[in-house]
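So the sequences go chain by chain: F, R, U and S. At position 130 of the first sequence the residue is numbered 130 (my numbering), and the sequence of numbers has no breaks. At position 29 of the second sequence the residue is numbered 29 (my numbering), and the sequence of numbers has no breaks. At position 470 of the third sequence the residue is numbered 470 (my numbering), and the sequence of numbers has no breaks. At position 124 of the fourth sequence the residue is numbered 124 (my numbering), and the sequence of numbers has no breaks.
If you are wondering where the hints come from, they were derived from the structure by calculation, not from laboratory data. Take these hints with a grain of salt, some might be off.
One copy or any two copies: either way a pair holds, since identical chains are not told apart in the list.
[To be verified] Mimicking DSSO-like on lysine-lysine, the simulated pairs with C-alpha atoms at most 27 Å apart in a straight line are:
1. K413 / K170
2. K382 / K268
3. K199 / K268
4. K420 / K109
5. K420 / K235
6. K438 / K268
7. K199 / K382
8. K235 / K109
9. K235 / K79
10. K170 / K109
4 protein chains.
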Amino acid sequence: MADLYDLTDDKPKEECGLFGIYGHALDVANITYYGLYALQHRGQESAGIAISNGHRFSLHKNMGLVAEVFNEEILSSMKGHIAIGHVRYSTTGSSLAVNAQPLNFRYLKGLISLAHNGNLTNANEIRHRLGVNGSVFQTTTDSEVIVNLIARYGQGSIEEALMKTIIDIKGAYSLLVMTENQLIGVRDPHGVRPLCIGKLGDAYILTSESCALDTVGADFIRDVEPGEIVIINEKGLTSILTRKNPRQAFCVFEFVYLARPDSNFAGKNVTQVRREMGRQLARECPIEADIVIPVPDSGIAAALGYAEESGIPYMEGLMKNRYIGRTFIQPHQKMREIAVRLKLNPIREILEGKRVVMVDDSIVRGTTSRQLVQMLRNTGAKEVYLLVSSPPVNYPCYYGIDTSERNQLIAAKHSLEEIKEYIGADGLHYISLEGMLKATGLPGDSFCAACFSGDYAIPIPEETGKYSIEDGGEDYGYHL
Amino acid sequence: MADLYDLTDDKPKEECGLFGIYGHALDVANITYYGLYALQHRGQESAGIAISNGHRFSLHKNMGLVAEVFNEEILSSMKGHIAIGHVRYSTTGSSLAVNAQPLNFRYLKGLISLAHNGNLTNANEIRHRLGVNGSVFQTTTDSEVIVNLIARYGQGSIEEALMKTIIDIKGAYSLLVMTENQLIGVRDPHGVRPLCIGKLGDAYILTSESCALDTVGADFIRDVEPGEIVIINEKGLTSILTRKNPRQAFCVFEFVYLARPDSNFAGKNVTQVRREMGRQLARECPIEADIVIPVPDSGIAAALGYAEESGIPYMEGLMKNRYIGRTFIQPHQKMREIAVRLKLNPIREILEGKRVVMVDDSIVRGTTSRQLVQMLRNTGAKEVYLLVSSPPVNYPCYYGIDTSERNQLIAAKHSLEEIKEYIGADGLHYISLEGMLKATGLPGDSFCAACFSGDYAIPIPEETGKYSIEDGGEDYGYHL
Amino acid sequence: MADLYDLTDDKPKEECGLFGIYGHALDVANITYYGLYALQHRGQESAGIAISNGHRFSLHKNMGLVAEVFNEEILSSMKGHIAIGHVRYSTTGSSLAVNAQPLNFRYLKGLISLAHNGNLTNANEIRHRLGVNGSVFQTTTDSEVIVNLIARYGQGSIEEALMKTIIDIKGAYSLLVMTENQLIGVRDPHGVRPLCIGKLGDAYILTSESCALDTVGADFIRDVEPGEIVIINEKGLTSILTRKNPRQAFCVFEFVYLARPDSNFAGKNVTQVRREMGRQLARECPIEADIVIPVPDSGIAAALGYAEESGIPYMEGLMKNRYIGRTFIQPHQKMREIAVRLKLNPIREILEGKRVVMVDDSIVRGTTSRQLVQMLRNTGAKEVYLLVSSPPVNYPCYYGIDTSERNQLIAAKHSLEEIKEYIGADGLHYISLEGMLKATGLPGDSFCAACFSGDYAIPIPEETGKYSIEDGGEDYGYHL
Amino acid sequence: MADLYDLTDDKPKEECGLFGIYGHALDVANITYYGLYALQHRGQESAGIAISNGHRFSLHKNMGLVAEVFNEEILSSMKGHIAIGHVRYSTTGSSLAVNAQPLNFRYLKGLISLAHNGNLTNANEIRHRLGVNGSVFQTTTDSEVIVNLIARYGQGSIEEALMKTIIDIKGAYSLLVMTENQLIGVRDPHGVRPLCIGKLGDAYILTSESCALDTVGADFIRDVEPGEIVIINEKGLTSILTRKNPRQAFCVFEFVYLARPDSNFAGKNVTQVRREMGRQLARECPIEADIVIPVPDSGIAAALGYAEESGIPYMEGLMKNRYIGRTFIQPHQKMREIAVRLKLNPIREILEGKRVVMVDDSIVRGTTSRQLVQMLRNTGAKEVYLLVSSPPVNYPCYYGIDTSERNQLIAAKHSLEEIKEYIGADGLHYISLEGMLKATGLPGDSFCAACFSGDYAIPIPEETGKYSIEDGGEDYGYHL
């Protein structure tokens with residue numbers, strides 16, 4: 001589970017979470033608020049909710065956590081029967097309010113609001129094409145590109161416009177679209193990002209993870225299919241399947257780290273998959289050790305699985321400070337070692353003289369792992385083995401996950417032996433790609449595992465990289 | 001002078017102030033900040049500055065006064081050689097950050113930023129036409145319409161695009177446009193809103209009022225002509241005159257109330273014009289009285305003129321509390337009378353037993369006038385005469401000044417005698433339209449005085465009224 | 001009138017304003033709020049209100065203006081029938097919340113709250129004496145010393161305790177004291193700081209200036225006498241005169257600059273006294289000139305008087321920006337000249353080619369005067385004469401007014417001729433001490449004019465200076 | 001571990017955490033900041049740090065978390081060689097800034113700063129005695145009573161004053177006292193609250209829990225003894241043992257719930273003690289079940305112990321939302337059930353059809369337990385057994401822990417069977433008092449377990465209850 005208060009500097013970052021609801025006689029603003037609360041791990045940079053009352057939209061969004069952005073006064077002022085909400089992840093430095101979603105627009109046929117999770121791979125090309133015809137852009141977000149495409153194709157129905165739009169755009173996208181009287185969900189043909197359908201009484205919900213359905217007391221119905229457009233209005237739910245049989249490519253990192261442990265995808269529970277990854281890891285990499293400890297919190301499920309399979313006792317050898325927040329003052333150079341100990345404190349009584357297996361879910365840059373291994377040794381651990389429940393991250397993600405630049409990925413430039421040396425462990429073992437996929441209980445070829453394998457299901461543009469950084473920068477300078 | 005701390009509830013509201021500068025080797029962000037400071041009376045709702053460094057734009061804007069929106073850290077982070085800044089007026093209730101200006105966009109040819117003072121009369125019609133071609137809109141501002149038009153005509157040079165745009169748009173507009181390497185000023189063919197040119201060393205400045213030039217130590221060069229496009233770039237200043245001899249129609253209310261007393265328009269100093277209005281009023285409406293007092297602060301110049309011409313002593317009989325701010329708690333019903341006394345306190349020692357001429361610059365709804373007259377009587381004034389240095393406001397403004405709805409204009413529905421009764425004065429006298437225009441020292445037919453005369457220089461659309469209120473509302477619900 | 005938005009860097013600073021009310025069936029919190037609003041010019045650093053409901057006290061105070069510190073929710077939560085409120089002035093750098101008043105305490109006989117305007121001259125000596133007996137102090141304020149003395153003498157009635165306390169303390173003090181069921185006002189034997197009594201229906205009010213009575217709709221009854229203790233409780237108002245015939249020494253600077261123009265002291269209206277000072281100045285210092293202009297706002301009344309007496313036309317040659325607030329970014333060195341022009345802009349059309357008499361109420365350091373004279377010259381004034389409606393400030397004040405250190409007082413170290421040279425005026429004239437006192441219409445020996453004459457009515461301790469700076473500093477380090 | 005983001009509504013509240021350091025050539029402000037960060041679980045209401053540089057004190061404190069109260073600018077402005085810091089717990093409604101600690105005072109011998117963890121039982125009596133001699137009080141805190149006593153005994157050395165003070169005061173107190181040149185720690189004769197000594201190079205540290213020593217990289221030296229005064233100054237550390245052999249009565253709830261799992265007391269590690277409590281619980285209450293799940297986070301260690309001893313698999317069946325913060329909007333009545341699910345979501349795949357042992361560390365009111373049991377059943381658990389690793393809480397604490405009023409303690413008024421019915425579990429079992437004490441590995445008679453047994457080591461005043469609520473209330477109305 002992505003955790004703000006965890007050592008997330010060294011973890012991939014989810015880009016967004018979506019929650020939409022269509023339902024009369026419900027307080028859709030409040031329900032969306034709680035839905036976003038449950039999805040907070042998918043993005044801590046900004047939060048927003050747009051509401052339609054059939055005639056007008058209201059919108060509130062801002063930088064910050066859901067609980068910071070909204071208060072009772074704001075929520076109670078937002079009346080209507082359709083809502084879409086969005087949380088966006090936190091990057092360092094370029095936190096821009098203008099990029100907060102949903103985005104509201106007026107086009108020829110009326111009002112439209114859009115929330116997006118994912119990343120287009122041909123946004124630049126489309127943006128240029130639209131510009132030739134006179135479109136203007138206020139942001140560098142993909143979402144604004146999508147809205148302009150919809151408007152360009154907007155002489156007919158919104159469904160037609162969406163179908164034409166989907167033909168043009170490439171990449172990963174789960175979308176929520178709201179018009180005055182419809183809630184629409186779209187999932188890209190490969191199904192890279194998740195989106196599922198729930199019901200709360202007569203009301204329909206579309207959201208990124210099933211945990212949000214549980215939270216608001218709704219029932220899970222099914223996942224939105226790859227390439228499916230789901231339209232909800234007064235007549236109920238209609239489905240359009242836009243493409244037949246593309247290769248499905250659901251992001252396996254949702255299972256490894258990104259999703260909440262209590263969510264399900266394709267019928268599989270995340271924490272149970274993680275525990276099975278731990279068991280699989282124990283089968284692949286048995287170690288002679290006295291105790292198994294997790295790197296809290298994201299390594300807990302896999303560590304429990306490792307302990308279960310190996311029979312080695314599970315202990316909480318690293319204690320996490322639950323109050324590490326975002327405004328934390330970084331220690332000066334000479335108190336550098338305090339930085340990690342503020343978050344995780346090793347317990348001597350548990351570790352001293354022990355051969356320790358430490359289980360983590362993934363390693364990106366390796367810096368935190370190195371500090372933790374050192375800390376365990378200083379506290380008296382006799383031997384330290386680092387076991388990782390996902391394979392080495394070798395390639396960047398172009399579909400909406402921020403894995404750092406490739407040159408920061410330790411596994412992309414160093415051998416296993418070199419990494420072990422760097423980290424200072426007595427042993428370093430990753431789960432195999434096959435083992436990880438097998439642990440999901442789903443067909444291996446239904447996943448995108450490009451960050452591990454380099455096998456990209458959707459073509460990557462030559463330019464690669466993030467055009468938004470090279471192109472105009474900082475979203476044309478907005479820091480509203 | 002428009003004064004936040006004055007009794008401005010009963011005054012017309014200016015819509016915006018503009019300040020732009022093109023100059024290498026200058027801190028253009030700081031200079032623009034001080035320029036906007038000098039124009040704060042033209043708008044207290046929001047403030048913003050956009051900067052170009054030749055390649056990228058930076059932008060900062062927010063709700064609030066200039067001094068609240070900016071701090072040293074923000075300003076010092078904004079580097080470049082071109083800047084445009086904007087202040088926007090404050091309305092009650094619908095203060096929307098999304099409407100803050102400048103607006104930054106990317107179009108086919110690059111980046112563009114726009115700041116606008118005025119009001120288009122055919123924005124709805126153009127918006128619809130653009131929508132048919134696929135344009136989307138995030139706000140209901142005229143400024144977004146103008147930017148989309150520019151983009152639609154944007155295959156060639158920016159000058160061409162602007163010239164085509166000017167043919168399409170009707171209404172009052174002074175514009176500042178910034179591209180990566182140019183600062184452009186545009187004034188509508190009737191010259192309704194002001195715009196002038198200054199120089200600070202080698203740098204050019206375009207701004208709404210000359211007081212902003214004084215403040216930053218720049219020299220006044222000349223007013224921008226009605227219908228003129230002024231282009232400033234590395235080659236210096238170029239001028240394009242787009243139309244020959246339209247009827248000039250400069251807003252006379254700038255002289256009456258809106259502009260700062262230390263600004264000049266068409267070579268005439270505002271405070272001197274106001275003083276002359278007071279003298280003219282004394283000639284037109286001589287009163288037997290003991291003292292002349294102003295309604296502070298906006299009636300001071302006219303009251304001094306009245307006293308000078310009439311020979312009646314000038315006294316400050318109403319003392320203003322200089323600390324009345326925006327967050328003031330309104331008194332409850334039974335302390336209603338406190339509301340005015342918090343702002344203006346009558347001085348018994350000056351007023352008791354006196355026949356008082358009270359001079360104000362304008363009356364819109366009359367509610368404050370009524371309270372002031374009552375207060376003077378309660379303090380012992382024997383007789384109270386209200387003299388107004390502008391004619392009755394009978395018609396709404398469609399060119400960017402908020403004069404309230406017509407049914408709130410007391411003079412639109414009531415005779416002079418009825419107003420006198422309502423206000424409770426022993427006498428009520430307005431200056432004549434001719435007298436007011438004469439006092440400016442400029443040709444009477446060079447002004448727009450439609451709010452007094454109903455003679456609109458620019459055609460008003462059938463729909464009239466503010467489409468933005470009828471059309472989607474609250475700018476599609478943004479309250480970012 | 002002290003004006004936050006004026007050029008007050010170069011003016012003495014008032015220390016505090018007081019407002020107390022005793023009245024059943026009134027919203028005493030709201031009335032006190034409006035009363036403090038009217039006294040905001042006496043202190044902009046902090047504001048506070050304490051309320052008694054007969055059993056308990058509630059208290060709210062904080063740094064900031066009255067309108068910033070309070071909101072409707074806070075005020076409506078403060079219920080009771082007695083209230084005392086306080087505003088405190090703003091110094092640079094050492095703005096400390098712990099010094100905000102009123103101060104609430106529990107002593108042997110119950111609860112007590114205190115608000116103080118003035119300065120003790122023997123606070124250090126008493127503090128030491130109390131410390132020997134075990135008193136502890138959280139602040140260096142005189143107010144805490146007074147409260148501890150009251151508690152030390154607190155075995156009997158509060159009146160007895162106050163009478164004993166008054167024998168011990170020396171200096172200037174107007175006090176408001178609240179117990180569970182009494183509102184008490186105390187004025188020092190010399191009556192240095194003002195305090196007056198008003199009635200609002202059956203309710204009694206005690207406040208620093210009569211303008212606060214006007215504002216809340218109360219009637220002025222009388223000034224509290226020097227050395228008088230006024231006790232208000234359910235039996236009505238009782239008076240105790242603690243001393244017979246000390247030399248009265250009311251601060252003349254209240255008339256010159258500190259008080260609001262619409263307040264009265266000893267039956268004299270402040271703005272009329274200032275106008276008479278202007279007339280007297282014209283009699284003492286006649287100048288051949290074309291126009292008289294004030295330094296706004298505090299010089300206006302005297303300038304009007306000068307113009308009236310001299311027959312020279314009164315013009316507003318310096319235009320003040322009404323939006324200069326506290327968060328203003330100071331211009332960098334090379335834009336230094338902007339600093340003054342942001343606040344005051346000279347109008348060329350009025351000044352050019354003229355011989356100008358500029359009237360100010362007082363000069364402390366002379367720096368602003370110098371800048372203004374220079375600015376007038378640059379704008380084309382032919383001759384500039386600076387006339388001041390108070391004598392040279394030669395001595396520091398030990399009774400509660402911050403006049404800067406003596407070595408910053410330009411008149412304390414330089415001859416009139418030297419000051420004229422420094423300021424760059426063609427002529428510099430101060431009113432005479434006798435002339436100023438005569439203009440008040442009151443006996444000259446009833447004033448403290450020590451800052452002009454050095455004749456201190458109350459002995460100054462040898463140490464002089466501000467012990468609070470030498471003694472522990474920064475109030476023992478509070479910056480809550 | 002006390003956890004802000006946990007279901008702490010139903011848990012006892014720790015009152016305070018202390019951290020003090022004496023050390024030249026160290027950044028004592030920063031180290032104290034990190035020390036308080038590690039102690040944040042002991043209090044989330046307010047935080048404060050006082051620093052001595054040998055001559056003066058600086059102090060910063062405010063409502064909020066450590067990371068909210070301090071920033072780099074504040075910390076870097078606080079220079080000196082001695083610091084004491086304090087965190088205070090959060091109650092609902094009466095969060096008062098005036099009660100934030102440390103408290104700084106000046107007394108006869110100089111400056112003194114005080115931070116206190118615990119609760120006096122005779123504060124009222126002493127406060128009255130001091131009042132007779134003229135003391136005044138600004139708060140109802142025990143800390144202010146202690147400071148006044150020290151000042152009253154303050155003619156000699158601070159050690160003498162403290163020794164006399166300790167004779168007077170009864171109750172639980174761990175104190176940090178700072179003078180200009182000394183850091184002093186005091187622990188009450190029964191040692192109810194913890195306090196320990198650490199070293200960081202040459203610098204000495206006194207703090208509530210050893211985890212704070214780990215965090216700043218210091219070594220644990222020893223606990224401060226009950227009744228010991230520890231004086232640290234330039235000569236090093238001196239110890240005064242004030243009483244011989246009182247009954248030691250360390251709060252056993254520190255082991256059960258309050259302290260951080262990675263702290264040690266009397267040489268015992270907290271998380272290991274908790275795990276042993278879980279094992280003991282398994283021995284005392286064996287259950288036929290399929291899985292053991294904890295109530296996160298505080299029940300985790302005991303649940304692991306239970307699982308280990310019983311051999312039943314440990315699963316994380318309740319998933320905690322890590323983003324539940326303090327500004328959370330409470331669901332309306334009809335969405336009541338959302339409130340718990342927002343914090344804890346049961347995982348169907350783990351629970352369905354299972355016999356579940358749910359382990360919690362303590363039950364106070366039982367409301368949350370009831371909701372959790374219901375939630376597990378709704379999710380498909382076949383049987384639910386609630387096992388508690390501490391005995392029933394029958395009595396309130398008078399020594400500084402907020403356990404709610406006695407009439408809210410479910411165990412004080414209901415039989416085990418009734419509680420089981422109320423909670424709706426198939427079984428409810430508490431550990432025995434003997435079992436819990438045995439699990440600590442320390443002599444049972446060295447603890448205070450009064451909340452379980454009613455056996456109060458320190459006499460409780462007749463009045464009992466919280467005088468501060470009855471006596472003047474709201475700390476004399478401060479809400480600064």
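Results for each hint:
no.: 1; hint: K413 / K170; verdict: neither (29 Å within a copy, 62 Å between copies)
no.: 2; hint: K382 / K268; verdict: between (38 Å within a copy, 21 Å between copies)
no.: 3; hint: K199 / K268; verdict: within (19 Å within a copy, 51 Å between copies)
no.: 4; hint: K420 / K109; verdict: neither (59 Å within a copy, 51 Å between copies)
no.: 5; hint: K420 / K235; verdict: neither (59 Å within a copy, 48 Å between copies)
no.: 6; hint: K438 / K268; verdict: within (12 Å within a copy, 43 Å between copies)
no.: 7; hint: K199 / K382; verdict: between (53 Å within a copy, 25 Å between copies)
no.: 8; hint: K235 / K109; verdict: within (20 Å within a copy, 45 Å between copies)
no.: 9; hint: K235 / K79; verdict: within (21 Å within a copy, 55 Å between copies)
no.: 10; hint: K170 / K109; verdict: both (25 Å within a copy, 25 Å between copies)
Consistency with the previously given hints fails for numbers 1, 4, 5, ordered from lowest to highest.
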